[in-house]
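Novice: Sequence:
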Amino acid sequence: MDINMTDLDQSYLAMMLKPEDDRLRLHYYDALADSELFVLLEREPKASDIDPKVFALEGGPLVLVFDVEERLSAFTGAAAPYAALPGRVIAAALVGQGVGLGINLGVASAMILPPSAVQWLADTLAHQPAQDEGRPKFFHPPQALPAELMRVLTHKLSRIGALADYALLGGVEYEGGRRGHLLAFVDANQNAEAALAKTATEALTFSGLDAGTLDVTFLASGDRGLEMLKKVGQRVDW
Numbered sequence: 034m035d036i037n038m039t040d041l042d043q044s045y046l047a048m049m050l051k052p053e054d055d056r057l058r059l060h061y062y063d064a065l066a067d068s069e070l071f072v073l074l075e076r077e078p079k080a081s082d083i084d085p086k087v088f089a090l091e092g093g094p095l096v097l098v099f100d101v102e103e104r105l106s107a108f109t110g111a112a113a114p115y116a117a118l119p120g121r122v123i124a125a126a127l128v129g130q131g132v133g134l135g136i137n138l139g140v141a142s143a144m145i146l147p148p149s150a151v152q153w154l155a156d157t158l159a160h161q162p163a164q165d166e167g168r169p170k171f172f173h174p175p176q177a178l179p180a181e182l183m184r185v186l187t188h189k190l191s192r193i194g195a196l197a198d199y200a201l202l203g204g205v206e207y208e209g210g211r212r213g214h215l216l217a218f219v220d221a222n223q224n225a226e227a228a229l230a231k232t233a234t235e236a237l238t239f240s241g242l243d244a245g246t247l248d249v250t251f252l253a254s255g256d257r258g259l260e261m262l263k264k265v266g267q268r269v270d271w
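Residue numbers for the sequence shown, in the working numbering: 34 to 271.
Any given hint might turn out to be false.
Simulated DEER-style distance windows between Cβ atoms [what the hints assert, rightly or not]:
| # | residue 1 | residue 2 | range |
| --- | --- | --- | --- |
| 1 | 93 | 56 | 19 to 29 Å |
| 2 | 52 | 226 | 16 to 26 Å |
| 3 | 82 | 131 | 15 to 25 Å |
| 4 | 265 | 91 | 57 to 67 Å |
| 5 | 177 | 51 | 19 to 29 Å |
| 6 | 145 | 81 | 26 to 36 Å |
| 7 | 160 | 254 | 55 to 65 Å |
| 8 | 69 | 263 | 35 to 45 Å |
| 9 | 131 | 168 | 43 to 53 Å |
| 10 | 46 | 131 | 22 to 32 Å |
Hints are computed from structural coordinates only; laboratory data are not their basis.
Every residue gets a Cβ at the ideal spot worked out from N, C-alpha and C, and that includes glycine.
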């Protein structure tokens, strides 16, 4: 079976080459959360009734997932019921059940996550961005943010699609003296604002950076603040 390397394969390989690098481990969890995974089921699903097949192993019970349908078929050796779900949905569904996750068993990127790791991932993904009504005093060019943050951010934004025209990244000083960086999404779909803010927050988390490194706002064409930010900000496209 010849399957090109998936995002999960690449993240796994990078993590294994440098096991001491926590940043690469975070990248793996990020890829796992964003990947569509094929979950092996006990029986054919009925509407929203999905019953994952649980394997009782010596190290603890496992639910099996694969990031390519053919990998699931090769593992089972026969037709088997499955459901395709995002990794983040699967992690949330397993919380509190004491069940680990067997990922891509039977191939080079096989990985087993214990229940504690599944819990950590679900808790991390459930975190919601804090809201702050701070008023910007002025903008300035952004200081050098880690290239890794921008790579993760643009990659995650490309996965969720064109929910905003573009974004601008700039330095900001607020009334009261607090300074930081601001990511402004321009002409965003109003119903997608929460998803965009959460994507930016996850990019920080899975880049290994502090959550206070980047603020997020939403601006519309013609806003005075947008015109000011355009003069000094860095455009972000995806």
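Novice: State for each hint whether it applies.
Specialist: Verification of the hints:
1. 93 <-> 56: 19 to 29 Å: With a Cβ separation near 28 Å, residue 93 and residue 56 satisfy 19 to 29 Å, so the hint holds.
2. 52 <-> 226: 16 to 26 Å: For residue 226 against residue 52, whose Cβ atoms are near 38 Å apart, the range 16 to 26 Å is violated.
3. 82 <-> 131: 15 to 25 Å: 21 Å, holds
4. 265 <-> 91: 57 to 67 Å: Between residue 265 and residue 91, where Cβ atoms are some 59 Å apart, the hint holds.
5. 177 <-> 51: 19 to 29 Å: 23 Å, holds
6. 145 <-> 81: 26 to 36 Å: Given a distance of about 27 Å, which is inside 26 to 36 Å, the answer is holds.
7. 160 <-> 254: 55 to 65 Å: Violated - the Cβ-Cβ distance for residue 160 and residue 254, about 31 Å, lies outside 55 to 65 Å.
8. 69 <-> 263: 35 to 45 Å: 36 Å, holds
9. 131 <-> 168: 43 to 53 Å: Check passed, 47 Å falls within 43 to 53 Å.
10. 46 <-> 131: 22 to 32 Å: 30 Å, holds
Checked against the numbered hints given earlier, the structure breaks hints 2, 7 and satisfies all the rest.
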